[in-house]
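Trainee: Residue numbers (the working numbering), protein chains in the order written: chain V, 1 to 177; chain Z, 1 to 237.
Keep in mind the hints are simulated off the structure, nothing from the lab.
All values reported here derive from a predicted model rather than from experimental measurement.
By construction, the Cβ of each residue, glycine as well, lies at the ideal position given by its N, Cα and C atoms.
Be aware that one or more of the hints could be misleading.
Restraint-style ranges between C-beta atoms, simulated for each label pair [what the hints assert, rightly or not]:
#, chain 1, residue 1, chain 2, residue 2, range
1, Z, Ala133, V, Leu75, 44 to 52 Å
2, V, Arg157, Z, Glu219, 52 to 60 Å
3, Z, Ala179, V, Pro148, 50 to 58 Å
4, Z, Asp152, V, Leu75, 51 to 59 Å
5, Z, Ala179, V, Asp55, 53 to 61 Å
The list that follows gives simulated cross-link-like pairs (lysine-lysine, DSBU-like), each with its CA atoms no further than 35 Å apart [to be verified]:
#, chain 1, residue 1, chain 2, residue 2
6, Z, Lys127, Z, Lys117
7, V, Lys48, Z, Lys117
8, V, Lys161, Z, Lys16
9, Z, Lys7, V, Lys159
10, Z, Lys127, V, Lys161
11, Z, Lys117, V, Lys159
12, Z, Lys7, V, Lys161
13, V, Lys159, Z, Lys127
14, V, Lys18, Z, Lys127
Chain V regions said to be covered by chain Z (calculated; three or more residues, Cβ under 8 Å) [said to hold, decoys possible]:
#, region
15, 13 to 19
16, 29 to 37
17, 40 to 54
18, 58 to 70
19, 140 to 146
20, 152 to 159
Okay, here's what each chain looks like letter by letter:
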Amino acid sequence: MTETNDEAGFLRLLEEHKGILYKAANAYCRNPEDRLDLVQEMVIQLWKSYPRYDDRLRFSTWMYRVAMNVAISFLRSTTRRDRDTVSIDHPDIIDFAAADRSMSGAGDDYFVLQQLIGQLDAMSRALIVLYLDGHSQNEIAEILGISPTNAGTRIARVKQKLQRSFDERANRPGETR
Amino acid sequence: MNIEDMKAAWAEHDRKLDSMLQLNLATLRDMRVNTARWSLRRLASGVVIELAITVLALLLLGNFISLHLDEPRFFVPALVVHLSAIALAGSCALQVAMIGSLDYAGPVVSVQKELGKLRILRVRTTKWTFILACVLWAPILVVVARGAIGVDLYMIASAVNRADANFYDWLVANVLFGAAVAIALLWISRRFPARFASSPIVKSFMDDIAGRSLTAAVESLESITTFERGTDDGSSK
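Given only the sequences and the hints, what does the whole structure look like? Please build it.
Mentor: Laid out in structure tokens, this is it:
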């Protein structure tokens, strides 16, 4: 495979799965500027890891692993000093504003869910985003590196927790949904 | 609203998102061309530079020690500084190895555990480097002054010709003074954390030496281990 084909292949796969960047960045970061930095770090890490990509693994699974690992590290880093990359002025990789506008019609529940996901710990966020994305219990276990049984138990537990939080918000006086 | 309903709604939003989301391919190509510039790994490069400086210091210290074997007033402080530098070089080498072996495409739990261990090692190294720098400032100064510009600080410090008789007292007094300064700064960093928060880097350093970063890093690692075992409730920490 030539370098140009390699790059073209990478960009094509990235284009096919660009939603992963948006969803992972949204799950771990709400600040618009940080979100762009996070996507930049994800893409850099994806490109650096791409030569070692083994196509026996689904690209989305591989991409989720890299994206989640970068996002969790980003979330845990308290200052830029701890982060792996330096932000450089550049045109945005993703037009977040346009994507946000397009999602503004998604309804209150969608945004409430995003807020509630933001209150979970880092690993549970990864778990529920993968679950909502339609991944099977085994796929989630493979991406996170835990046993399928543990994944199943945790999915049930996080769903219960989210449901409770949903219900509490709905029953709160003055809360409109 | 049911979470299962939400899952269906999420999939619907996903389809919409795919059609609306635009990747800036020109920027991505630029990143591809300038990977080295874009992906400047601050952490890795910082540790490698630290390791290179420490190794250079070890070589110079080794040379200094060999030239002053018969002069304990220079040999002893140089040996103490040398041993500290060996410990620092070991930590840096371990950090470089850990960073080099990280594969971000690995399972999330494994990668985060490795990152957690790395974070703990970095925080401990920062804290001990600070403590040793405070405690050993006098021996370091003695060795640097003698090795770099040939000045005998004992002579200046004692201000008498019979420096040999006083050098241990002078050195011990300054080591104790350095230890007192280190203890005072550690106390201040724990007592008044907000006073030092004007710069994120200063705040981070103060958190490192006060032990707050270590506590956070250990808790973070424990939460991942707990997640792997499956025994917590998923509340945000």
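Trainee: Would you pick out the hints that fail for this structure and give their numbers low to high?
Mentor: Violated hints: 1, 2, 10, 13, 14 and 16; rest satisfied.
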